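Protein chains: 2
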Amino acid sequence: MLARAAELPSARDARTVADHDDPPGRDIVIGSGDDAAVIDTAGPTVISVDTAVEGRHFRLDWSAPHQIGARAVVQGAADIAAMGARTTGVVVSIACPPTTLVGTVLDLDAGIVAATHRLGARVLGGDLVAAEQLVVSVTAVGRLDGIAPIVVGGAQVGDELAVSGPLGGCAAGLAVLRAVESGGDRALLDRYARLVEAYRLPDPDLAQGVAAARCGAHALTDISDGLIEELRTLAAASRVRVEIDSDRLPRVGSLAAAARDLDVDLREWTLAGGEDHELLGAFPSGTIPPGWTVIGAVTHSDTSGSVIVDGTAAGALRGWQSFADIEPDGRRR
Amino acid sequence: MLARAAELPSARDARTVADHDDPPGRDIVIGSGDDAAVIDTAGPTVISVDTAVEGRHFRLDWSAPHQIGARAVVQGAADIAAMGARTTGVVVSIACPPTTLVGTVLDLDAGIVAATHRLGARVLGGDLVAAEQLVVSVTAVGRLDGIAPIVVGGAQVGDELAVSGPLGGCAAGLAVLRAVESGGDRALLDRYARLVEAYRLPDPDLAQGVAAARCGAHALTDISDGLIEELRTLAAASRVRVEIDSDRLPRVGSLAAAARDLDVDLREWTLAGGEDHELLGAFPSGTIPPGWTVIGAVTHSDTSGSVIVDGTAAGALRGWQSFADIEPDGRRR
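Same order as they appear, the protein sequences are chains G and F. At position 193 of the first sequence the residue is numbered 193 (the numbering used here), and the sequence of numbers has no breaks. At position 194 of the second sequence the residue is numbered 194 (the numbering used here), and the sequence of numbers has no breaks.
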């Protein structure tokens with residue numbers, strides 16, 4: 001995205017943080033490098049923004065800059081997928097201390113570009129400014145290609161609830177990093193490398209958003225704040241009661257072993273752990289897309305919305321909350 | 001944009017920093033409140049991002065939060081206007097310390113909403129996260145309504161150069177605030193209140209972007225980094241030499257008096273002062289839109305691009321550069 005490292009010391013706006021290596025392509029009339037980008041949209045355009053803050057959402061000693069950049073793109077693109085759309089482009093704002101190494105910004109940038117290209121999308125422009133800490137904000141735009149957007153509040157009684165991929169890996173990986181930092185066995189890092197990588201860079205198949213829409217999903221959202229929080233949002237917005245069975249939640253093989261090693265209730269990761277960015281959908285019975293896992297159902301109308309997990313109301317479990325849970329150093333309270 | 005102050009402590013993503021008071025309207029299929037917004041775009045969509053950082057781009061003791069919010073919108077919308085488009089929506093990312101008063105965020109938000117509505121646009125969604133300092137990032141999207149986008153590199157030999165409104169007010173207002181902070185006469189604040197207000201909230205007529213495009217502008221950009229920087233960009237991208245006469249630059253009445261009072265060369269403000277967000281255009285001779293002021297012309301082809309001010313090469317004068325000029329407390333070095 002950055003044209004030349006030499007431009008960094010005087011980086012000023014979209015023209016400088018410009019991806020001259022990312023030329024106009026399909027959907028793109030004018031790429032980055034001018035006052036604004038121009039994208040060709042023959043129909044509805046989907047747009048969302050996500051911001052990651054050093055010390056809150058990532059730490060430079062736990063993740064490489066290119067992973068931080070790629071992760072920010074995945075977060076933004078997951079919101080696009082959650083409407084049933086495909087991501088066509090991103091615009092990026094990077095705020096960083098003037099003492100940041102140029103190599104760090106270039107690596108961050110490389111991660112942004114690579115993750116964007118992996119989605120079949122383009123970097124449309126950006127902004128690079130000085131600040132006291134590193135803040136990466138990604139605005140993603142996408143197309144619906146003739147499909148009606150899938151809102152979070154469209155679930156109907158009788159729908160089946162399903163998720164697009166394994167949950168809890170990101171929270172487990174973070175728990176492993178924290179355990180080692182607190183003096184735990186460093187061998188945990190090797191044993192659970194798969195989980196640590198899931199924390200560093202979640203790898204959801206975001207094409208499943210379009211797949212879910214094509215299968216006729218009634219409601220769709222991405223799991224950014226923990227499954228339990230997304231279920232609450234879906235239930236409240238749809239005015240329904242949802243019931244799920246935690247044993248049915250898909251997870252990677254090493255998750256249970258890691259929970260035992262770290263003495264954690266597995267459900268803290270699968271139900272309350274956020275940032276996996278897999279998709280949660282409500283589907284008419286029998287229309288689940290291939291590869292998705294049914295975890296429960298929409299059972300009743302309920303104007304206030306409610307969530308039942310394993311037969312009891314999900315009261316105490318909370319997912320990610322930006323201001324509530326996390327200390328400035330990134331640890332949960 | 002924020003639905004309720006009570007949601008702030010657990011603010012988490014677009015669903016929470018959601019403008020439930022800003023319903024779908026013209027161009028908007030789904031407003032904020034879901035994973036992403038959906039806008040109806042019958043043709044090319046223009047998109048750009050701008051970020052403002054506390055202590056770098058604004059100070060809370062110099063500007064009210066609603067001014068900071070409104071200013072961030074104007075900055076984003078100016079980039080859209082600079083392509084010849086009208087702004088249809090914005091998505092906003094606010095990062096702020098957990099100790100920030102809820103009233104401050106609500107006031108900031110009110111400024112964002114008011115400025116967005118003033119443009120005839122909608123707030124499409126947002127993200128509210130915790131950080132060490134206040135960072136406001138606005139992504140603006142807009143429509144071209146059948147007009148071809150106007151790039152900065154399209155100026156042609158023989159074009160006239162014109163600007164859409166007065167320059168230097170923002171830089172002068174900032175200079176007044178700094179002078180008073182350094183022990184200068186507080187009466188300066190009253191005497192030059194118009195300039196201080198220009199710094200706090202620039203008021204360019206951004207509809208002039210569309211007007212310029214309709215008049216057949218060859219090149220267009222907004223003056224965010226100072227006229228001299230924008231001229232350099234335009235000249236280099238267009239591979240031309242541009243010549244301007246500093247006496248022709250439009251300015252508000254009190255600017256010259258303030259320059260005398262503060263012992264400043266007026267051109268430091270009109271030529272090098274940034275953030276007025278008026279537009280600079282290159283037009284075929286005789287096609288200047290009403291209300292614009294001719295300041296010079298495109299005189300020669302020049303593959304490396306060059307800028308002549310008052311008959312001499314503009315070498316030393318520099319405009320705004322995010323990393324180079326400004327100390328962390330917001331002062332220039």
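Fair warning: there could be bad hints in the mix.
[What the hints assert, rightly or not] Label-pair distances were calculated between CB atoms; the ranges are: (1) F/ALA42 <-> G/PRO290: 47 to 57 Å; (2) F/VAL180 <-> G/GLY184: 47 to 57 Å; (3) F/ARG186 <-> G/ASP203: 57 to 67 Å; (4) F/HIS300 <-> G/ASP203: 45 to 55 Å; (5) F/ALA256 <-> G/GLY120: 16 to 26 Å; (6) F/ARG118 <-> G/SER304: 32 to 42 Å.
Don't read these hints as lab results, they were simulated from the structure. Keep in mind it's a predicted model, so treat the numbers as computed, not measured. The beta-carbon is built from N, C-alpha and C at its ideal position, and this holds for glycine as well.
Against the structure, the hints:
no.: 1; hint: F/ALA42 <-> G/PRO290: 47 to 57 Å; result: violated, 34 Å
no.: 2; hint: F/VAL180 <-> G/GLY184: 47 to 57 Å; result: holds, 55 Å
no.: 3; hint: F/ARG186 <-> G/ASP203: 57 to 67 Å; result: holds, 59 Å
no.: 4; hint: F/HIS300 <-> G/ASP203: 45 to 55 Å; result: holds, 54 Å
no.: 5; hint: F/ALA256 <-> G/GLY120: 16 to 26 Å; result: violated, 55 Å
no.: 6; hint: F/ARG118 <-> G/SER304: 32 to 42 Å; result: holds, 37 Å
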